[in-house]
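Visitor: Protein chains in written order, with the working numbering: chain A, 3 to 119; chain B, 349 to 582; chain L, 1205 to 1284.
Honestly, the hints are just simulated from the structure, not real lab data. Remember, predicted model here, so these are calculated numbers, not experimental data. Incorrect hints may have been included.
Unchecked claim - Looking from chain A toward chain B, a few residues come up when the C-beta cut is under 8 Å (computed):
hint, residue
1, Glu4
2, Ile8
3, Leu16
4, Tyr20
5, Leu25
6, Met29
7, Ile31
8, Ala62
9, Ala65
10, Ile72
11, Leu82
12, Ala93
13, Thr97
14, Lys101
15, Leu102
Every residue, glycine too, gets a C-beta built ideally from N, C-alpha and C.
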Amino acid sequence: MEYIIISIGFALTLLGLYGIMYLRNLMRIVIAFTLFDTGINIVMVSVGYIRNASAPILDAIPAAGSTPNIVDPVPQALVLTAIVIGLGVSALMLTYVLKLHQDKKSLDINNFKDLKW
Amino acid sequence: MVKKFVILLLVAGMGLIFFNMFQSFESNGNLSQLGNYYAKNGAAEVGAANLVTAIVVTYRGLDTLGEVSILFLTAAIISFVLKFQSEELDEDREVRASSEVLTSATQVFTPIIMMVGIYIFINGHLTPGGGFQGGAVIASAVVLMFMSNPKFKVNHTIISAVESFSGIGFIVIGIIGILAAGGFLDNRIMSLGTFGTLISAGAIPLIYIFIGLKVGAELSNIIGTLSHAQKEKK
Amino acid sequence: MLIAIAIVLGIFIMIAGYIALHHEKLSVGIISTGLVSLFASILFLLLAAPDVAMTEAAIGSGLTTVIFFYVLNKIRQRNG
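Generate the whole structure from the sequences, applying the supplied hints.
Guide: Laid out in structure tokens, this is it:
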């Protein structure tokens, strides 16, 4: 099952990447960044999956020497951080979209060519 | 036309890299070495039933410190970039009054939602949850208050006081960990207690209370700034 | 059984992602982004990760949608 979910994650990432490069409306570019983030998070969590194992929450301290049957808890801890930081990055990008719109009254990215040589 | 072709070429190249990664992935039957160590010794050393909490707060505490500081920076930058002078505010713009259902339901639901949020981060070491989830739920209660009453103003003094106090408390506990126990954010400064009860796992409930309050205050601050932006004169 | 649920969710995620990028109205696109986050949260539950599922549902599907709508409203207000 994890093969299917990894391919879903990669496909969502490619969709987001295509959106970032091709679309012209600034808000849609920010939406594409959100999809990119979500896809990569799906891939990271599914790498730690182990078949027929349960969630990493224990009922009792395991007896000395035996290993409880749980999935890998380390990728989940890292993805927890990544999701919150993704929210922060989206909020910052939207603030700059607001400021750019205040300046030139348009959301088309082809109008912001001031820095081009 | 050329642009679309080049973009498709780049996406196909990235897809080739992903396909390579997909081929070399083999689903493993048992835990890696690091996961094995955490599974065997995590509960006994840290005393928390939720292993992901134990990793996020104690074993990888420095990552949590980085994440908390990034959230703080985000809230500060958003308030700085969207700063408004008070004369520019259009206080009497006509707002459509919210519907009756929304206003009366808010008075019932907001305390319940806040209580659920506080419950989530107090019990972070026993059940799935923790500081970040609880903080996000508290911020959604604030969003509900904004939606039902468009002229609602967040009290900035209270929010900055809560946020600064929680941040300082988090750092102080971390430094006490350096002085009194193994390292930064070590939770053995308080007794480990009985496994599975509310008062257990040393300092983890205290750390998560500080993180939950801080994240809730920061996200409410971001929502407040963005909602305050609606009032600016055109 | 779980494989069937995963495949169905995958198809829904792809459809919602395509709508988010290519529909004419921006408000429909923003709600589709919230829908993608919701389906990803269910996928995390299938992968035995309840902490991550709760975080993704609260932050991705709740707060991100609200922030997007605030900014969209402000832009429409300025456009007159």
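Visitor: The hint names Ala65 of chain A as touching chain B; please verify it with the least Cβ-Cβ distance against 8 Å.
Guide: violated (10 Å)
Visitor: Just to be careful: measuring from the Cβ of Ile8 of chain A to every Cβ in chain B, is the smallest value less than 8 Å?
Guide: Hint on Ile8 of chain A: holds, closest Cβ of chain B at ~6 Å, below 8 Å.
Visitor: So, Tyr20 of chain A near chain B? Judge it on the closest CB pair being under 8 Å.
Guide: holds (5 Å)
Visitor: Would the hint on Leu16 of chain A stand, with a C-beta cut-off of 8 Å toward chain B?
Guide: holds (6 Å)
Visitor: Given Ile72 of chain A as an interface hint, is its Cβ closer than 8 Å to any Cβ of chain B?
Guide: holds (6 Å)
Visitor: Does Leu25 of chain A meet its interface restraint, that is, does its C-beta lie within less than 8 Å of any C-beta in chain B?
Guide: Where the cut-off is 8 Å and the nearest Cβ of chain B is about 10 Å from Leu25 of chain A, the hint is violated.
Visitor: Would the hint on Lys101 of chain A stand, with a C-beta cut-off of 8 Å toward chain B?
Guide: Result: holds, 6 Å to nearest chain B Cβ.
Visitor: With chain B as the partner, please determine if Ala93 of chain A meets the hint condition of a C-beta pair closer than 8 Å.
Guide: Nearest chain B Cβ about 6 Å off; hint holds.
Visitor: Would the hint on Met29 of chain A stand, with a C-beta cut-off of 8 Å toward chain B?
Guide: With a closest approach of 14 Å, the Met29 of chain A hint is violated.
Visitor: For the restraint on Glu4 of chain A, tell me whether the closest CB of chain B is nearer than 8 Å.
Guide: Where the cut-off is 8 Å and the nearest Cβ of chain B is about 5 Å from Glu4 of chain A, the hint holds.
Visitor: So, as I understand it, the hint says Ala62 of chain A touches chain B; can you test that by seeing if any CB pair is closer than 8 Å?
Guide: holds (7 Å)
Visitor: Do the numbers back the hint for Leu102 of chain A, that is, is its least Cβ distance to chain B under 8 Å?
Guide: Violated. Min distance 11 Å.
Going down the numbered hints, you'll see the structure goes against 5, 6, 7, 9, 15, while the others check out.
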